[in-house]
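Between the sequences and the hints, there should be enough to build the whole structure, so can you do that?
Chains as they are written, first to last, in this note's numbering: chain A, 8 to 167; chain B, 96 to 361; chain C, 130 to 874.
Keep in mind that a hint or two might mislead.
Which stretches of chain C does chain A cover? Using the computed rule of at least three CB atoms under 8 Å from a CB of chain A, they are [what the hints assert, rightly or not]:
hint: 1; region: 162-168
hint: 2; region: 640-654
Derived Cβ-Cβ restraints for the label pairs, each shown as a range [to be verified]:
hint: 3; chain 1: C; residue 1: P716; chain 2: A; residue 2: G38; range: 49 to 55 Å
hint: 4; chain 1: C; residue 1: M198; chain 2: A; residue 2: G38; range: 41 to 47 Å
hint: 5; chain 1: A; residue 1: E123; chain 2: C; residue 2: R689; range: 54 to 60 Å
hint: 6; chain 1: C; residue 1: A702; chain 2: A; residue 2: E61; range: 37 to 43 Å
hint: 7; chain 1: A; residue 1: E123; chain 2: C; residue 2: R798; range: 55 to 61 Å
hint: 8; chain 1: A; residue 1: T11; chain 2: B; residue 2: S168; range: 29 to 35 Å
hint: 9; chain 1: B; residue 1: S316; chain 2: C; residue 2: R798; range: 40 to 46 Å
hint: 10; chain 1: B; residue 1: G223; chain 2: C; residue 2: D552; range: 55 to 61 Å
hint: 11; chain 1: B; residue 1: A342; chain 2: C; residue 2: Q718; range: 48 to 54 Å
hint: 12; chain 1: A; residue 1: E17; chain 2: C; residue 2: R186; range: 55 to 61 Å
hint: 13; chain 1: C; residue 1: M198; chain 2: B; residue 2: P253; range: 40 to 46 Å
hint: 14; chain 1: C; residue 1: G871; chain 2: B; residue 2: P253; range: 37 to 43 Å
hint: 15; chain 1: B; residue 1: I334; chain 2: C; residue 2: D552; range: 32 to 38 Å
hint: 16; chain 1: C; residue 1: D501; chain 2: B; residue 2: A342; range: 50 to 56 Å
Hint data in this document are derived by calculation from the structure and do not stem from the laboratory. Cβ coordinates follow ideal geometry from the N, Cα and C atoms, glycine included.
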Amino acid sequence: MIVTLEVNGEPCAAEVAGFESLLWVLRERLGLTGAKDACLQGECGSCSVLLDGEVVCACLVLAADAEGARVTTVEGLAGGSEGELHLVQQAFVDAGAVQCGFCTPGLIVAAAHLLETRPGAGDAEVREALSGNLCRCTGYGAILRAVARAQSQATQGGAP
Amino acid sequence: MHIERPEGLDEALAALAADPHATLLAGGTDLMVEVNLTHRRPASVVALRRVPELREWDERMIGAGVSWARMESGPVTGLAQLARTVGSPQIRAVGTLGGNLGTASPAGDALPWLAALDAEVVLASDRGRRRLAWDEFLLGPKRTARQPGELIVGVQLPEALPPHQAFAKVGVRQAMVIATVNCCVVRDADGATRVALGAVGPTVRRARRAEALVSGTVRPSAAVLDRFEALVREEIAPIDDHRASAAYRRHAAGVLARRTLERCWS
Amino acid sequence: MSEVLVQRPTVRGGVGESVPRPDAVPKVTGRFDFLGDLHAEGMVWGATRRAWLPRARLVRVDVTPALTMRGVHAALTQDDVPGHRYQGQKVTDQPVLAEGEVRTWGEPVAVVAADDPETARRAADAIIVELDELEPLTDLDEALARGSVFRHVRVRRGDPDARGEVVVEDTYTTATQDPAALGTEAGLAVPDGLGGLDLWGPTQWTHVDRTQLAACLGLSPEQVRVQPCRLGGAFGSREDLSLQTHLGMLALRLGRPVKMVYDRTESFVGHVKRHGARMRYRHEADRAGRLVRVEAQLLLDGGPYELTSSAVVANSSYFALGPYRCQRVEVDGYALRTNNPPSGAMRGFGANQPCFAAEAQMDRLAEALGLDPLELRLRNAIGPGDHLATTGQLIEHPLPTAEVIRSVAAIPLPDALAPADDDPRRLPGGTGLTTPRDRVVRGVGYAVGLKNLQFSEGFDDYAEARVELTAEGARVHTAAIEVGQGMVTIIAQVVRSTLGVSQVEVAFDHTGRIGSAGSTSASRQTQMAGNAALEAATVVRTQALERLGGDHLDDAGVWRGEQLLAPLAELVADGPIEHHVRYRHRPTQQPDADGQGALHVDFCVAAHRAVVDVDPDLGLVRVVEIAIAQDVGRALNPQQLHGQIEGGIAQGMGHAIMEEVVLDAGVIRNASFTDYLLPTCLDAPEVEAVLVEQPSPWGPFGAKGMAELPTMSATPAVVAAVRAATGRALTRAPVRPEDVVGDLR
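Printed below as a string of structure tokens:
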């Protein structure tokens, strides 16, 4: 069947099989491989995308049920041009929050959403908000420092 | 696979009437795991996330389509506490109350609350509605009384919500963990107390002898609480599995029920 | 030549700076192509049919039903392996696909290729496999009794009659730990049309993969180009082949590209794990707290194939005591062949398991002696001039054991949990609201770890690198694999500081373009790839200066005194300056019959202090803080070091309280992220790290590889803290809630 979506601001249509997830469609039909496929059961968050403005695991969204949805992936967070970074992306680079990088896209999406919806979140709130995104490399320290850096820059320099 | 995406309850019921064995899809947090990992391939799906009636929430009824995220910030104490422990923020954004009831996992986090509240599950089909007491609805591990062609509409609450509700859940991680034991205790204004536990039997259990012991207006003494803890342990039937031993579950259930009960006084 | 007076620029991004990773930007934008993101025109998808019993006679495999399905292009079994039918890094004892007998749960039996993954999976399921169940061997003592041993490492040193008055002994267990890199195994094989192929697969050492692949695929090594891969983590799990040979077989058979991606459940059976271990220890000390005698029997669960187990058990045995002096040592380490899942390398490589046991022994000895546990460790701490208690090797170079212990002890303890702090996220049990504030008990525990760096026991180990200087700057070529640890940054920093040129990039080459850099493991690439790059850059600099008779090179060009002789572009106008190096570390010896000799190149130590809050009634633990003092030789990139320390600690604390591959007669009961629990953001402790810098002669600018230590002694430190909080003996890692509660009827 054909499913129509708005992905990163662009309308698009994809042929999907009934059992396919939104993650599969993004990665294999639309060529957006930023969202990753680490567990396929909603336990790692590496496929996090925004679906109609909420952070969800794309692996748990039946593509056929996403008809008409607005999807933002990590590729669509910053402006269109290569090299232009979202505040959170820049903070991850600067704080050394990236190691192997497999969890990074999902964490960036979750952290950017947190920054937008709860810009003043304290340490425990940030941790809880990111507790659905597993990272095996960093032990989370640098990730938390990156989020704090983005928060302070957002307050100083206006909205992200 | 055929999919129906009804945009209203009548439309959903009509779709189900036409295809009574269709697989129901709400948040997808259970079904899609089966699709992805055990390769379940439903022949037809009725997707419910566009049905506004299922997202309604008023004083007597919580719609089956209400998400954990809404329950977490909602006014019902016990429900808010349990909702916060379900999965991850991503799961809570889309997972629903109805999904938890429909899946009926022995560890389902909403089930002890449902049982402690003596709440009813409202089912609808194109032939009408029916209400089942929680223990008529939950038949066993992953088995419910929902019939083909039926839909879980929501949970019917008692006329007055208990003023004291407390939920607790043991897992070996600080977040995103399936219950080793979960427990809900509620206490009415007149002191009537109800205690329900999950992951300690094929389906959620009420500890009725323990309830009788502590129901009333008198705050239980330490000796009574000891007895309460012992009774809770007698009234459950946990098993050994890869998450914990039966012996630990039995022990933890007693501790957890006692502490959860004590929170109803604090 | 320029006559203009120019200020000499200082190099940017050299050693000592917290230089950001060059691949960080593509990683944060989602544009970094990991293995599973690769695509080739006309590719088909592979899938694997696996055995469902841990041990069985393989009665029949019939691929006909798969081949008759539409969209299926190939279905291959062991009979279709074009070359050598067995693979393995050290001993080729692992069948490419099951042959004769299934020896472990989930063993690959057949592989298929089809138009899409769904068809491939259905085709794999359609293959007829008949198994005749056999009794699996899963118990370590039984394996030992039956002589099912890959390697026995025997260590005897010192006066056999030495005896101490104070004795502690016990048996310790560590469960199997999964490396659980977030990226699952994935790969792509692309035939080159000339009979050979290019292969992208999960690896930590492309050249050793090439050797195995060429043999199994019946090709010459030159026909197999193992490409540098972009990995979603490794931690040891990519040292052994997983899906590469299968991809190669399918691609050669079909003459078209084949891609395969394991799902998480498959990944749990598709890569090696940290060996589960049973360890019997006896420590004897004199009244002054000097270790007199240590006896240890170490049983490591290797699973059915040797892989790296023979080297892992050597590490376990040589580091069985930790960084302490002792008069008499008797260690018997056994890597055992069982029908449990295959074990191999994981961060710490066999040194972690004995560290857990031996550090627990040190605490018990301290208690028996009435000594402070750190004081006992200090009284026995080895350093330069001492001999390693196991192998007898003289420690010739910096090994700051006492310094790391004193440094970690000097870090202020975290504040006590405030009486009013009832935020459940800071209490054991978290948002599960299990634990009232007044039921929380705090505990503090210490552990010290010692590990070797680089390959040992006489292995001829080397790393190649080539440095080219062009008008654009320098480029370093290497076959070393970047797994996320940051070697890509370190190599560039080393070359910048050596050359004096800031514009340096690292090019990862496939096996056909440059020789081996050796394995990205054993904490070796900072020293090995780093030294190779340093030596090559040193020669390039010398040649650059000699070309023009200069005495200084930097971003501006070549200088003589205060005069700029030529900018870079002019310097290399006649062609780039380049140099290729094969760097070898100092030779090591093979052990004698008593395990004696100078078996190791260099060593590293770290000391951990864990602070935990425990709910003793429910057995729930929250790790509040881990402090660490870490020997790093010299800090080349402090930010990256802290990242390795924090990440390593998370893995070590995970193994202390939640991470365990639950095995039931050879079957994994928790092969998913629902039940194999990794620490989340809410579980991660605060980390306070002190870097102890005493330059090593064996690393570039004095650096040591260091990323295994943070994991190693984190596990025993956390468990020691739980012991301190509860008084329980806790001889097993991970500690389960029921172990903490104890006495369950």
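TODO: Determine which of the earlier numbered hints do not hold for this structure and return their numbers in increasing order.
DONE: Result: hints 2, 4, 6, 7, 10, 13 and 16 break, sorted rising.
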